[in-house]
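**Q** What follows is the residue order along each chain.
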Amino acid sequence: MATTIQPQTGAKPATSLTNEEILRYSRHLIMPEVGMEGQLKLKNAKVLLIGTGGLGAPLGLYLAAAGVGRLGLVDFDVVDFTNLQRQVTFGTSDVGKFKSEAARERLSNLNPNIQIEAFETKLTSENALELFKDFDVIVDGTDNFPTRYLVNDACILLGKPNVYGSIFRFEGQATVFGMPDGPCYRCLYPEPPPPGLVPSCAEGGVLGVLPGIVGSIQAMETIKLILRAGDSLIGRLLLFDALGMKFRELKLRKNPNCPMCGEHRTINKLIDYYEFCGVRGEEAPAPDVQVPEITPRELKARLDRGDDLYILDVREPHEFKICNLNGHLIPLGELPRRVHELDSSREIVAHCRSGKRSAEAVDFLRKAGFRKILNLKGGILAWSDEVDPSVPKY
Amino acid sequence: MSVKVMIPTPLRVYAGKRDSAEFSAATVGEALGGLTSQFADLKKHLYTEDGKLRAFVNVYLNDEDIRYLKQENTPTKDGDTISIIPSIAGGSF
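Heads up: the sequence lines are chains A and B, in that order.
Mapped onto the working numbering, the consecutive letters of the first sequence carry residue numbers 415 to 808.
Mapped onto the working numbering, the consecutive letters of the second sequence carry residue numbers 1198 to 1290.
The shape of chain B in the complex, shown without the other chains:
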C-alpha cells in the first residue's frame, strides 16, 4: 500500500528539498517512521526526545486531523495522503 507524505516548505530543508515522499505503510505512524528513517534530520523536528509527535506539528490523513482519528495508529489505505502542517507565523515583516 503506497501512502504519500507531503512535506511542508519549512521542513524541506531537512528532507533533501523534497516536497513529498511515498512509503508503503499500513498506518500513519509507519509512514512517518519511513519518512524519518529516510531523512534522519527530520526526526527532531517532528518528534520529542521521548518519541512523541510534537504539539506544534499537526498531521492530517487526507483532510482529517489524526488527533481526531486514531493518532499514529490510524490505518492508511492505498492512495492516501498524509500532510504535515507545522505552525507558520509570517505575515507583515
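Same shape as in the complex, but just chain A:
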C-alpha cells in the first residue's frame, strides 16, 4: 500500500509500552500483523473524529480501546434522549451534556493511557484547517452534506486521509478518500443534492445497529491506515444493506477533472458550504415556504371555543400510530392526488411532527387555491410542549 502516515513533528514519538499497556494490548501484540511495532504506530497516531454521534460511538470506543495515542472529538451538540437508541458511548445520565465532553469522559475511562481532546465547536470553513493540521487521519462521521464537503476539501488541501462513512435507514456506505492516488468525495458526488430531496436521519430514521456496523468499518479502515496493513477501501465504495444483509462494492475512480483533487485544482480554499449545498442552516425551512401559521396555544383556544377547524395530519401512517391530534391523515407525498378529500370552504390546520412538512403542505394547498389554511407552528412537538404534555414527543 502506498499510504504513509507521517508522524507529526514536535513531540517525540513513543518507542516503548509500559507493562500495563503490554497487558492491555496483549491480544494485539500476539498478532504478527500488529505486534509491538504496530501497537507503537497506534500509540503515535493522531486521529480526529468529526461527530461523536452514531458513527462516532463505535469509532471512539474502538479507537480508544485499540490504543490510538491521541483522539480529537469534534461535536457542538448536546446528548438528548433520542440519541441513546444508537449513540452507545452515552448513558442516560449524559443527557444534557456536551457530546464531545461526555464522550471524552467515557473514552478516558476506557483507556486512561491515551490523550483525548474534546472540541465543543461546530466544524466551519474558518476552523477546519487549524483543527485538522495536527492529526494524521480524519474520520467523517457527520450527518449533513455541507460538513461532508467541508471535511473532504480540508483533507485534500492538507493531504490527509478521510475515512468516510454514511448511513440511511438500513443502508450504509464506507470508503477512504483523500489519499494521493485515490478519489475524493467530489469525484464520487460532484454536486450535493438539492435541500429537501434526501431526508436526514431525523426525518428518515435509522436502525440503531446500523451506525454501529458502519462506524466499526471506519474504525477498522482507520487502524489499517495507521498500521499500513491490508487492502484499504481506497478506490472502493463499500455498500451495506442491513435488511438484505448484503455487502457489495463499487469501483471509485479518481476524476481527472475533479475541481478539488484533479490535475487542475480550481478550488484552492475552503468555501461557504451551506451556500454550496443550497442551505443556510440544517433545519431552517426554505425561504419560499413562509406560510400563515397558528401556534399550539391559539389552536387549543379556538378548539375549546368550538370553532370549526379541520385538522390535517401530513405525517406518515406509522407516525400517526405513535401519537396524533385526531386529525385526518394524508401523508405529504400523497397530498397532490388526495387533495379532493379536503373541503376548501372549511378552515384547515395542517400539522406534522415539527412543522416543516406541514409548511410544505400549506404552501402546496395555497397554490392549489385553498385560502383558509394554517400551519401548526412547531408541529406535534410544540403541541406537546405548550398544550398537552401527555402527547409523546419522538
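Possibly wrong hints are sitting among the right ones.
[Unchecked claim] Facing chain B, from chain A, some residues (calculated, C-beta under 7 Å):
{"no.": "1", "residue": "PHE559"}
{"no.": "2", "residue": "SER580"}
{"no.": "3", "residue": "ARG667"}
{"no.": "4", "residue": "ASP777"}
{"no.": "5", "residue": "PHE778"}
Think of the hints as simulated: they come from the structure by calculation, not from any bench.
All residues carry an ideal CB built from backbone N, CA and C; glycine is no exception.
Given chain A, work out where chain B should sit, using these hints.
**A** Then chain B, alone, in the frame of chain A:
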C-alpha cells in the same frame, strides 16, 4: 435481455417500496427509461428537467461507474445489475 435495477432506500418511496426491478434493455439508458416509466415519481429524482441524469445520482453497471463507460449508452447484457447510488449524509444525529 433482462437487466436488474437496484433501487436504493431513499428512492424506494417513489418506486412502490420496491428494492429492485427487472427490465428488458440493451443499454443502461433503456433500463432507466423502463424504471421511470413504471415509476413516474422517480423521474424528477433521477433526471433534470432537460432530461439529464442529476449530478448527485451515480449510476453503476455492475461495479463500474457509467461515467467511465459510455454513460447511458453503455450496452448491457443479460444478468447485469444496474445500481443507483444517491448521496446519503446521515451519521451522527
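**Q** Next step is simple, just say for each hint if it's right about the structure.
**A** Each hint tested on the structure:
| no. | hint | in the structure |
| --- | --- | --- |
| 1 | PHE559 | 5 Å, holds |
| 2 | SER580 | 5 Å, holds |
| 3 | ARG667 | 6 Å, holds |
| 4 | ASP777 | 17 Å, violated |
| 5 | PHE778 | 15 Å, violated |
Hints 4 and 5 from the list above are not met by this structure, while the remaining hints are.
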